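Line by line, the protein sequences give chains D and L. Using the numbering used here, the first residue of the first sequence is number 1, and each one after it goes up by one. Using the numbering used here, the first residue of the second sequence is number 130, and each one after it goes up by one.
These are calculated hints, taken from the structure and not from any lab test. It should be emphasised that the depicted structure is a prediction, and the values quoted were computed from it without experimental measurement. Beta carbons: idealized from backbone N, C-alpha and C, even for Gly. Don't take every hint at face value.
[Claimed, not checked] Calculated Cβ distances over 10 Å to all of chain D for the following chain L residues: (1) 174; (2) 223; (3) 230; (4) 261; (5) 353; (6) 384; (7) 394.
[As the list claims (entries may be wrong)] One side only, chain L facing chain D, incomplete, derived with CB under 10 Å: (8) 262; (9) 325; (10) 373; (11) 498.
[Claimed, not checked] The calculated EDC-like cross-link candidates involving lysine to aspartate or glutamate, where the alpha carbons are at most 20 Å apart (straight line), are: (12) D:6 - L:257; (13) L:358 - L:398; (14) L:309 - L:401; (15) D:6 - D:114; (16) D:71 - L:324; (17) D:6 - D:96; (18) L:173 - L:231; (19) L:486 - L:401; (20) D:6 - L:256.
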Amino acid sequence: MRAPFKAGLFREDGDTVRFLGARCPACGQVHYPRPRACLACGAEGLAEVELGPSGELFSFSVVHMPAAGLKPPFAVGYATLPEGVRIFAPVDAPPDALRVGAPVEARSFVLRREGEAETIAYRFVLRGA
Amino acid sequence: MSMREVAVIGVGQSKFGKFPERSFLDLGHEAVLAALRDSGVSPKAVQAAYASRLYVDIITGEALLSGVGIAGIEIMNVENACAGGSTAVRALWKDVATGFCDLGVAVGVESMTTSPVVGKMIPPAPDDIEAHLGMAVPVAFALIARRLMETEGATPEDFARVSVKAHRAGALNPMAQYQKEVTVEEVLRSRMIADPITLLQCCPATDGAAAVVMCSLEVARRYTSRPVKVLASALLSGSYAFAQPDFTSFEVGRRTARQAYELAGLGPEDLDVVECHDAFAPEELVHYEDLGLCEAGGAVALLRSGATELGGRIPVNPSGGLQSLGHPLSASGVRNVCEIALHLRGQAGARQTPGAKVGLAQMLGGAAAGLEAGACCIHILGV
Numbered sequence: 001m002r003a004p005f006k007a008g009l010f011r012e013d014g015d016t017v018r019f020l021g022a023r024c025p026a027c028g029q030v031h032y033p034r035p036r037a038c039l040a041c042g043a044e045g046l047a048e049v050e051l052g053p054s055g056e057l058f059s060f061s062v063v064h065m066p067a068a069g070l071k072p073p074f075a076v077g078y079a080t081l082p083e084g085v086r087i088f089a090p091v092d093a094p095p096d097a098l099r100v101g102a103p104v105e106a107r108s109f110v111l112r113r114e115g116e117a118e119t120i121a122y123r124f125v126l127r128g129a
Numbered sequence: 130m131s132m133r134e135v136a137v138i139g140v141g142q143s144k145f146g147k148f149p150e151r152s153f154l155d156l157g158h159e160a161v162l163a164a165l166r167d168s169g170v171s172p173k174a175v176q177a178a179y180a181s182r183l184y185v186d187i188i189t190g191e192a193l194l195s196g197v198g199i200a201g202i203e204i205m206n207v208e209n210a211c212a213g214g215s216t217a218v219r220a221l222w223k224d225v226a227t228g229f230c231d232l233g234v235a236v237g238v239e240s241m242t243t244s245p246v247v248g249k250m251i252p253p254a255p256d257d258i259e260a261h262l263g264m265a266v267p268v269a270f271a272l273i274a275r276r277l278m279e280t281e282g283a284t285p286e287d288f289a290r291v292s293v294k295a296h297r298a299g300a301l302n303p304m305a306q307y308q309k310e311v312t313v314e315e316v317l318r319s320r321m322i323a324d325p326i327t328l329l330q331c332c333p334a335t336d337g338a339a340a341v342v343m344c345s346l347e348v349a350r351r352y353t354s355r356p357v358k359v360l361a362s363a364l365l366s367g368s369y370a371f372a373q374p375d376f377t378s379f380e381v382g383r384r385t386a387r388q389a390y391e392l393a394g395l396g397p398e399d400l401d402v403v404e405c406h407d408a409f410a411p412e413e414l415v416h417y418e419d420l421g422l423c424e425a426g427g428a429v430a431l432l433r434s435g436a437t438e439l440g441g442r443i444p445v446n447p448s449g450g451l452q453s454l455g456h457p458l459s460a461s462g463v464r465n466v467c468e469i470a471l472h473l474r475g476q477a478g479a480r481q482t483p484g485a486k487v488g489l490a491q492m493l494g495g496a497a498a499g500l501e502a503g504a505c506c507i508h509i510l511g512v
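The shape of chain L in the complex, shown without the other chains:
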């Protein structure tokens, strides 16, 4: 299949936080208008749109986008758990790359505090046998953490350090829910949720939205002299749990990364900055290895070396990540593409990765009994 080059020409997000007084429409409008303004694209020039929202009413995209002058075009609503936003970006990339449209918008939005179903936790699926027996999302990640301790020598202090690193970055991000540094001691002393995961190693429930404007590289030239190119987009569903040798690696994480690197024609050593799913602090170590930022078994050493800190060799989650920036589920996958684009444009403010040319945004989505994970979606951007 011949595919066209695709560019991100506009990024925008709402402030992330707890906003019980703001509707999903209000949050979504802020993000889409910011992305349109950033790109210089008029609402009337938008040919297609994808909208992602997990705690959903009907027609999120149509209802949301009609409020900013986008109507009468093809709009689809996308759900893929935490990878929903990335999946919306991916869907739009496919449309532009294959020529179905020249320019579109992808938006992810969540109002978790006003959701009638979410409460403070993601509710278990009624048909999921593990959910009947005490499984919950933090529990699944605690079981991963225990394997990291058993097989890779990770300690609770290491997991706390991931959270400390995220909050240090988030303190510099004006859009973050928590703009406050924490210490290893504070993280370890916070309330135990699922041993060894404490409260300050869990992402909060967050309200927020993020949006991107994407178009063909040819069209991008009309709007900007410095487009951010989408070098790769990859989305794969999770493997069966029986095929997963250990919880310290997601097979889908490795496969998706391999596909993305192949498509981009580069490798993990070429990356300057990474954003990944860090809903629970210990999992970031798993993603280091699955993304190839280090050898299998090398994640603890990579973390302790400081390489993934702001200012390190390969900053991971310079936005503050889901830990500090907050995690409006379907918005996060769009938001982390925005973050990478900002770094590549040199517009990431106090958290800027100096001279960043290539960055990767990854999200993992969903859990179900019998599957290692629901989905993994990766975008690699470059300038």
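Isolated chain D (complex conformation):
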């Protein structure tokens, strides 16, 4: 059994991940995750858009303490998507390959496995790696 860590956030598209975002028809603000109404202007009836999988690493850290059940050391970062949205996720890359501005791609991975049950989440990998 394979289930996302939270429903309604992303869709697997082969290896890659499309983020389930929304665009405000009134002010154009793009949101992730999808809010009930536009957080910038309050308009309702947001258009559902898929974001990613490509982006650019905006900031990163190699974490040496346990968090969210991830085994340290692990890298995390924010990537900026072409739509302007910044998304946080683990980054699967050797620490010395991490650079601000590096092109990345969102992929799915198994965050947790308990028996037959797999919890799926997303992470960034360096593009071309």
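Keeping the supplied structure of chain D fixed, place chain L upon it in accordance with the hints.
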């Protein structure tokens, strides 16, 4: 709205540190009794009180204050993460300024070592999607630090220097958890937590309490000939992360500072001393800019100039800050108002800012996915 002038007439704090044998009541009583004693106010004269505690049971304020003779009045319990204590001060300021009461107490208290939930780290919120993916408070500040390195030329040595500066001040503060200086090398060589933040750039988990007695300026004259005036109080919630151009500035930090300066009718150039949120050393650089202590992009140069050291042009965190004094979360925002008041009264001992007339106490509180920060609260005091 017509508002009355408000004064801080009493300050008190418990010793900060790890006291697994002391209850939150014991810590809180020490702080409130010290503040009452400092002000000369009898418990029976207290008309309203606000109590802040994050790792909370029910009715912290009622349980705590009833132990020092304060009962049968309006008491509210306040939570605003690290800004909880400042928010309690702010709430009391509003009550006194608007005339709901003439005199009250604000107290912040935390027993982190005995908390059943806190452990050594602030636990992530279960609904926070970033928390599921490895976000934690030190990680968020590491991501800020990386942007400071990328856009402002900050180095790991600069971040270490913030911690060294804090510990140098904390070594002079008898109430501090760590009264010990550290070197840049020691800070950099301490255990890596979230690159580039090492252990000695993280505030410790701390037990402690702090309290203030505040009243209208008119009432203050009955108790003291030298009241410390609250020139401004401002509290704002954080902006959406999508509206934050970079992690090197908190929009809420800038907005709250602007509001506080406007209310006080002065600017950052008028400040003699500042206390701010320095839970993780790199963030102090962000606050330099957001508080207007330097131009945007000028924080690294300001730090390296030594201006924010004890004895510098504008000492920042002369108490030792959260880094060295320790960080009992909800107590810190009250405690840093106490610290500013002590400097303005000339009673800050070996860490005194000479001739200080105006000081600012700032706290940032909380983090959640989608928000740049939870809250920012600023008080400006003057004599």
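message: Check the structure against each numbered hint from earlier and tell me which ones fail, lowest number first.
response: 4, 14 and 17
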